[in-house]
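K.L.:
Chains as they are written, first to last, in the working numbering: chain C, 49 to 449; chain H, 49 to 449; chain E, 49 to 449; chain S, 49 to 449.
Take the hints with a grain of salt, since some may be wrong.
Same chains, same names: a pair is fine if it fits in one copy or spans any two.
Straight-line alpha carbon distances no greater than 30 Å define the calculated DSBU-like cross-link-like pairs of lysine-lysine that follow [what the hints assert, rightly or not]:
| hint | residue 1 | residue 2 |
| --- | --- | --- |
| 1 | Lys392 | Lys290 |
| 2 | Lys388 | Lys93 |
| 3 | Lys290 | Lys388 |
| 4 | Lys290 | Lys376 |
| 5 | Lys392 | Lys93 |
Treat the hints as calculated values from the structure; they're not laboratory data.
There are 4 protein chains.
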Amino acid sequence: MDYVYGPGRNHLFVPGPVNIPEPVIRAMNRNNEDYRSPAIPAMTKTLLEDVKKIFKTTTGTPFMIPTTGTGAWESALTNTLSPGDRIVSFLIGQFSLLWIDQQQRLKFNVDVVESDWGQGANLDILAEKLAADHTHTIKAICIVHNETATGVTNNLSRVRKLLDHYGHPALLLVDGVSSICALDFRMDEWGVDVALTGSQKALSLPTGIGLVCASAKALEASKSAKSVRVFFDWNDYLKFYKLGTFWPYTPSIQLLYGLRAALDLIFEEGLDNVISRHSRLGKATRLAVEAWGLKNCTQKEEWFSDTVTAVLVPPYIDSTEIVRSAWKRYNLSLGLGLNKVAGKVFRIGHLGNLNELQLLGCLAGVEMILKDVGYPVKLGSGVAAACAYLQNNIPMIPSRI
Amino acid sequence: MDYVYGPGRNHLFVPGPVNIPEPVIRAMNRNNEDYRSPAIPAMTKTLLEDVKKIFKTTTGTPFMIPTTGTGAWESALTNTLSPGDRIVSFLIGQFSLLWIDQQQRLKFNVDVVESDWGQGANLDILAEKLAADHTHTIKAICIVHNETATGVTNNLSRVRKLLDHYGHPALLLVDGVSSICALDFRMDEWGVDVALTGSQKALSLPTGIGLVCASAKALEASKSAKSVRVFFDWNDYLKFYKLGTFWPYTPSIQLLYGLRAALDLIFEEGLDNVISRHSRLGKATRLAVEAWGLKNCTQKEEWFSDTVTAVLVPPYIDSTEIVRSAWKRYNLSLGLGLNKVAGKVFRIGHLGNLNELQLLGCLAGVEMILKDVGYPVKLGSGVAAACAYLQNNIPMIPSRI
Amino acid sequence: MDYVYGPGRNHLFVPGPVNIPEPVIRAMNRNNEDYRSPAIPAMTKTLLEDVKKIFKTTTGTPFMIPTTGTGAWESALTNTLSPGDRIVSFLIGQFSLLWIDQQQRLKFNVDVVESDWGQGANLDILAEKLAADHTHTIKAICIVHNETATGVTNNLSRVRKLLDHYGHPALLLVDGVSSICALDFRMDEWGVDVALTGSQKALSLPTGIGLVCASAKALEASKSAKSVRVFFDWNDYLKFYKLGTFWPYTPSIQLLYGLRAALDLIFEEGLDNVISRHSRLGKATRLAVEAWGLKNCTQKEEWFSDTVTAVLVPPYIDSTEIVRSAWKRYNLSLGLGLNKVAGKVFRIGHLGNLNELQLLGCLAGVEMILKDVGYPVKLGSGVAAACAYLQNNIPMIPSRI
Amino acid sequence: MDYVYGPGRNHLFVPGPVNIPEPVIRAMNRNNEDYRSPAIPAMTKTLLEDVKKIFKTTTGTPFMIPTTGTGAWESALTNTLSPGDRIVSFLIGQFSLLWIDQQQRLKFNVDVVESDWGQGANLDILAEKLAADHTHTIKAICIVHNETATGVTNNLSRVRKLLDHYGHPALLLVDGVSSICALDFRMDEWGVDVALTGSQKALSLPTGIGLVCASAKALEASKSAKSVRVFFDWNDYLKFYKLGTFWPYTPSIQLLYGLRAALDLIFEEGLDNVISRHSRLGKATRLAVEAWGLKNCTQKEEWFSDTVTAVLVPPYIDSTEIVRSAWKRYNLSLGLGLNKVAGKVFRIGHLGNLNELQLLGCLAGVEMILKDVGYPVKLGSGVAAACAYLQNNIPMIPSRI
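So here's chain C without its partners, still in its complex pose (with noise of 0.2 Å):
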């Protein structure tokens, strides 16, 4: 039943889908049931619940919809947006040009910004076009949160910052992808009208659930919004919240036990130290990077990603060579290069439920992937730049004191 086995466990690297806990394996380990007794309401109203905590929001309204993050998108711009609408996006990397696409094949009317992909947004840029949009053309500024294809992060406050600063009406939606509850995501102090993330991403779970937080102004604009939906159509949630049955359609019954269970563990460990834990990953990762003499794909410092690492390789080596060795000979997971930077780089995902020990095996087996194709790598100094950080750094777990 495994197409392709190799002994001992799957080092699974990609940034997503992410290792799953075996908590959580177990809690979605269970027979269908029937969604419409009252075991499930019951159960989903905690979930809406705590779904909030993880999107930093107490006001926002939170959708499950059964689908991926490709469909979480189309969510969030349907439902709030009018064909022919203006929207300002910047184009950074492979995700945020797919989501890009898909704005422009639902007609709205795409103001792309584009940067090199290894630069974050370019928020000049925005300051400039809503310095000059006097009469409020634009109706949505789209930005992912963390770009997964190079390893950016954008800078969602001063985002918000400009939008307060020029007094711009624009919605606010993000790609919160690879970002939320892994990195510091505030819907509500920055102002986000939708945000976003997939269940097999930070949250740890199989593919299966599009999360979307809408604020209440994003739900405002949903009731003049002229885009044409159905499945993705919030109002026919919103219809069963108020009948507190809660679902217009068929949930899969495993995901939401799975994401109680998810939740469970988040908040066991406390969604801040989830995020110091995303912290200190990303950091030793870079570290170790650097080490190696390698260079991020990310340029600046201020970019830095904490849930993934797109990491250069020399000219001469084809990165794509990398992953498939890793795969081959390793059992390790690592992410391609995609698009404009197939070839030139490798993606280390670190993010989901992932301890230090797995990354620096991972981190170890890279180093040996490095030498495999003829890249003069010192073996050890990787994992000993990690080790050196981290040893000063990771805190007990608080179960175990």
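Once you've looked at the hints, dock chains H, E and S against the given chain C.
P.N.:
Just chains H, E and S now, with coordinates in the frame of chain C:
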């Protein structure tokens, strides 16, 4: 972790989500994997080939979309039709009603043919409409194969014959949600252009895959269909099919392995034997209903459904009370009456991976509940009627002879 | 991976191993752990406390030995007795026979009191023996609480009364394999010195833990008992109990978590409610047997067992054929007749985590099988009789009211 | 349900119970079954055949006893020997000590040959004893193949040669608990009479099966062995082998399916490849220890163990602190020093279903812990040494080439 635990097995007799076989639960009991590694495409390829078999098509193109039945509907419609297109659609119960609602909200011009709930689609009216439609304004016929709310199975073969008789080019779009893999369904033979089902129905998986299969004619139609679509766009899938990587966005690893196991079980039993088993269970249920002196919501034998039986209760009984009591006292999950038949019918789902003794336990439970709510049933009568039929018709389990 | 797959659930009605509840299967779905870490002793401590509750003892000392019921027997005997010691032991069926065989092979002087298979232990003879034993040559009374082969429950309270009446100091060793946690069992009240059961019986776990509970008097006896023992030696456990590490050798991590979950479910339902449920299922089964016109192997009502019913078949039927047909045609697992009653009885186990509708499915199946093998049963008759009783006696599920 | 949850995977590096592969966890995720149905004997038959392969015997008779290693020891001894029989037994660490304790309590006349902990069995003394034993008073040689407490592997081939050289008929009883299925073990070639292991060791299952394999000579010896035994009696098994039902008492259904899956994985990898993998992991661990400037508890290279490495710490460090810190801060489970070497060594288990990157994560963790406890380790040094060796020696994963 169970919100409302009761001793023993839950007896799950809603018409979806249905019981998952243990081998399928086992197959899904796994960590995530990198879906871009060679393993997942290798498995996906076998799935796409095998999914065609359950649609009984050799020429169709299947799509396994991370969505529910509602999403599968949307995929069928938006890929083949343009806003304003005229559709003939049959309203015979809650699920056809919901599909029609979707069709209208997607801006099609829906020509609704309504029947009493409990009757099948009025194909005489279809004949009239086709006869009258010399200019071929009808672009598609939308029909549910099996209306889950009333337990009515429509005669698809006759729909095809009518289309052929009038030489009408309309697309034939079929909701096979509660039929495919349980009832006799023949995509190629009946010239169905788009057929669809959901993983949580006869395939006996969790919710999460909308399986959609398109004929060559449907694929051709998708090239000019102007409905806006991105997440549900077949074209994105086709692009990745060509690349051999298969997935435009992240699938659920667990559901893929689950589907692999589910198909293996179905083929081990034999698809035709699976269908015979459903026919046996449907017949047995109807014999029990008759023995109880109750009426089937389905008004004529030609429409009797082998996957769900909606049972009419006398006016002095609220069928909702039956469903509630089943769950609260007997750990039995029955289907509610929906919308027009709320309070008037309760439903026994008999689809998916289910055997005769499971059904008999359910029927015995229903007898006790009927007595609980004041209906003068003769205890044992339904079970006796069902057993008399089953005892003569259950085959030996092939692997155990 | 299933050697002989059949569609739907297997209906497991052998009197052990019994159905495992889903939450328990989930709890065991885990990797190994270091049993010397602080986690396992912490859990073990709660288990030992809670296991005492199912024996209804506050003063006993429990042992959770990685073995089967056969090993638990050996543990009970070798820790309390010396070779040559006189034991009074009751032979009333296959399992008491096997225990007696073990007693003899362990070199005890076994004074066997035999009854017809289908009768309980002859306590009148016990009374005589106790009366005659002025010098207290009898060191122990060995008795099964419930003989699984014939469905006979012995009156332990009367055994205690006899011992007390004669002021006899013999140890009272009780096989509670198919009783404890299902029948009314009171270790302290009845002055039982060693009681034992297996995890795969009423606790509804996999095989693998022999649960043995020793009174203070039994522990005292163990100090002078000369039977050679190492693996089964209580003293090794007691040593590690004192250290707080609890395990003299490696336990099954999975079974410990499973036992934790199993006990949680039992306490959630309430042990007395669990016992009432068994009483209900036993009674319902006997009513069905009566309605079929068949005889219970158990000859008097006072011995009727609420965990297993052995059904006598007419001489012209081979009961083995019934069991075979059940499995081959109906995916139903019934118990064979063993040894003296082979071919003459089949057994319906109704113990463990089981509810009424499961049992009714089984009873309906048995009716069809009886017809298959040529017995002129009135189909529905047994189910009707059982339902008539159950419908008046099944309580609401407390968590669902 | 986890008593002391920590984020990420637990890194399990105790020398048993070891990591269970996901496919094996999956295979065990199931309900109970009737073990008297034809299915379980059919599977058992394949297991008995395949278990012989991991012992490298074609003539031996295997027993899969529901017990632990301690029980397997008892089975080996009591089936082949009589009280008072002279045994030569080697005391070289905690587990050989415990076995000797058992031998003494089972009333054998144990001739103990003691070595320093860290040395192998003193075979020179064995030679002397054999040479002197003209009357063949020595009935058995008992020896651990691999002493788990000190990481010492004994030379079994030399033991056989000595026996042959002196034409001595003593039985050769081998504890292969931490060797079989991981180290090179050859039952037939080395003339081993009883070999045994536990399921939770190299087979990578939960605890619960004691696997014992008896040579024809051992079976012959069992006919006259006078040790009292019932639960562990081979004869009961042999009786049921002949009947084709295989089980004298209830086995764990889950462990049987688990063993089936475990053997399938081992044969897919190839037993010799499994052994090579262990050799690789052992060598890598020793290179790391050397790089850290620490000593192996094992005093000579000829005794180095490829399944467990006991590392001596400097006198100013308490090795218990290392194990505690590993668990409390790094979610890493290491083995404690036991008895004579308590506080002086910690152990790294590297057996079972484990790959190189898992080990490297552990080694990186150990480096940080060493620093935590004040040992001046050069971070990265051990990992570098291990990687330098591994990078040249890890083969491609055959299924992925």
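K.L.:
Which of the stated hints cannot be reconciled with the structure, identified by number in ascending sequence?
P.N.:
No numbers; nothing is violated.
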